[in-house]
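Asks: Those sequence lines, one after another, are chains A and B.
According to our numbering, the stretch in the first sequence is residues 508 to 920, in order.
According to our numbering, the stretch in the second sequence is residues 508 to 920, in order.
Note that these hints are calculated values from the structure, not bench results.
Each statement offered as a hint is correct.
Since the list can't tell identical chains apart, any single copy or any two copies may satisfy a pair.
Straight-line C-alpha distance at most 25 Å; calculated DMTMM-like pairs for lysine to aspartate or glutamate:
(1) Lys877 to Glu851
(2) Lys881 to Glu672
(3) Lys877 to Glu704
(4) Lys877 to Glu672
(5) Lys849 to Glu908
2 protein chains.
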Amino acid sequence: MTKSSMSRRRFLQSSGAAALWLPTTVKGYTASEIQALYVDGEMQENISKHELDTPALCVDLDLLEANIATMQATTRSNGIASRPHAKTHKTPVIAQMQLDSGSIGICTAKVSEAEAMYQNGIDEILMTTTNVTPTKIQRAMNLRQNCPGFVQATDSPQNARLLSEAAMAMGINADVVVDVDPGGHRTGITPRQPALELAQLINQLPALNLRGLLCYDGGSQHVKGFEQRKNQTLERLAAATETYDLFNQSGLSTEIFSGGGTGTYNIDHETRGLTDVQVGSYVFMDAQYVDIGGESDEEIYSDFHTSLTILTTVLNDQYEGRATTDAGAKACTINRPWARIKNETGISYSSGSDEFGSIRYDENASTKYKVGDKLELIVSHCDPVVNLYNQMYAIRDDKVEAVWQIAARGLSA
Amino acid sequence: MTKSSMSRRRFLQSSGAAALWLPTTVKGYTASEIQALYVDGEMQENISKHELDTPALCVDLDLLEANIATMQATTRSNGIASRPHAKTHKTPVIAQMQLDSGSIGICTAKVSEAEAMYQNGIDEILMTTTNVTPTKIQRAMNLRQNCPGFVQATDSPQNARLLSEAAMAMGINADVVVDVDPGGHRTGITPRQPALELAQLINQLPALNLRGLLCYDGGSQHVKGFEQRKNQTLERLAAATETYDLFNQSGLSTEIFSGGGTGTYNIDHETRGLTDVQVGSYVFMDAQYVDIGGESDEEIYSDFHTSLTILTTVLNDQYEGRATTDAGAKACTINRPWARIKNETGISYSSGSDEFGSIRYDENASTKYKVGDKLELIVSHCDPVVNLYNQMYAIRDDKVEAVWQIAARGLSA
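If we strip away everything but chain A, and leave its shape as in the complex, we get (with noise of 0.2 Å):
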């Protein structure tokens, strides 16, 4: 060993240890240094999420647990269910978490994200994409084989042959559902006739079990004004329980006819037929939900509390009206609007760098900032950004309670 590895092996044997000259005060933790603490589940010491090294990704779990809570609560008395979305979090904790408030199962969008749910621990699983290369198809195969609540999408009827073949050859069933397009034209098979002609080819396949439909109209979930909203939404579902009569009709299974997000969560139920909502950004909220507007509110969709953050700290305070952080566009992404800077009010945050974000303050601002501050911001669009994290710190009363790995991560294939 040279000497230049040597002393490369004993960095990385003390990067973790112990600071020697940190202020007592402030210990100031890193991602790994957390990571050694929490065992089995259990912090080993009591820190504060302000000792945290920024950026970091942290979660409320009061708020938390009340979203989660909300919408158990109001599907149900709604007389639906939910079968909320791991694309949102991609953490296995909070899909365990939704199962045990009593959702009816997960939702992902690729077959890698099902994978890692399995993996670690989640056996419900609705895979809302359709998986249509061998290597996919076969990956779905597999799961399907261990994991006998995996269902998928499927939008054609060359996909359904494929899928019935590849079951086939490995001797199971697979469960699918008929994907059906809400007239956004992205995904899934137009509703009515085809759909029902897709459904009876699935029926007759020797290794398919057709379960139901699902409608996911995404393009309705942002609409501002909960009027504007419920009308759009109710009626570019309607060819979708169309469908769901088609298959009624017809003798078809519709026992999923999943649908419906976090912007409609308290309106899907109107849609005759539909079993359940694939909310996924509630747990978490953000910017741009929370600009929307709810039943109650027309400015603010304040259903669901904003319990996701990211911690960043202020490295540059030198110049007039502003101020920099390291939080950039590789912590909050581009997304707009931008992150805002929870509990304050006449500042600003920009995250278009790459690096650092940018503070600039109004006359009113409710502070200023100096050099080493941290500040925690709303994020503006939680999927993208929970998907640059690997891990994510659940918070309570400030503590840092649990350290939770974003198990599917980077998981887009």
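Put chain B on the given structure of chain A with help from the hints.
Replies: Using the frame of chain A, we list chain B on its own:
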């Protein structure tokens, strides 16, 4: 062990195994399968890039090597050096290629990036951001203790004193450069007298070793039109050269005067005193840089090749004039201009949806895709795209030659 967890364990063991059902003509390699085939720096099988599971991040080795050679030849003939910025690639293998070509070191934006580079064999590192918190200063000093080639930026007297205290407590001398603001007021100290006074303070502090200055004119890198870009950056760097003169007149080190980037790499040598360019994007190029125009072509910046692409698969082709792929915002970011389909015309791509890419055909589209077809995207803005992926496939003549770990991915702290 429960029956369910036994089944899960079998799944974990089998999910990397060879598929039973796949047509023999299309293997379809997942990320973990490819990784397993890359042993001791050699691929154990001959794999076409078209067999990669998607989305996949690919770099064309011939183009990457040409970009590195062009940068080296141009800077050498202009009498300056290159100190490429690893914030772009976050990949130690590429940093090593740059050093092997003659670069005098690499830059990093964050201390965690610097740690990852050092842990993977890189010894000459200039960290261009100031470390302001106790924990980050401690990490920088731990790194400096093991890596004599580590130099860090500082931009305030208060920070310089903290760095000196921390170095002294560890019994080391730490190398620093003064970060000078080019006028963007984002980071850095005001040029001329304030920067000079900071340099004089550093020179007097017991445990710091002044190595010079840096001035990164990020705001000029994407100015369209070569002459306009040249005029702007030379004007904005004039104060840095005056600062350089003041350092020299006071007998202070100007061994390092680092600045510039991919947009100004063939302009920066006209800034008197400048020693090296902190070029990042030139290794990959992207749609944003292509559009700024070059010295020889006002419309297209063709000095470097677009070596970095995202491989994606068509999921839905059943609606007129459009198609849907598996690479959305989580695989491409939402930077503009949108990613471009390589070698095609009359087809636009957008990744505004988190999970899906949208293809739209003009009347004169060069091709129409079918479900399962793979296409290659020239990325919009390379830095944040690389930051989404754990690994990059190095391709030569359409074959996978290597699998590179993006070791500093997600390291924004």
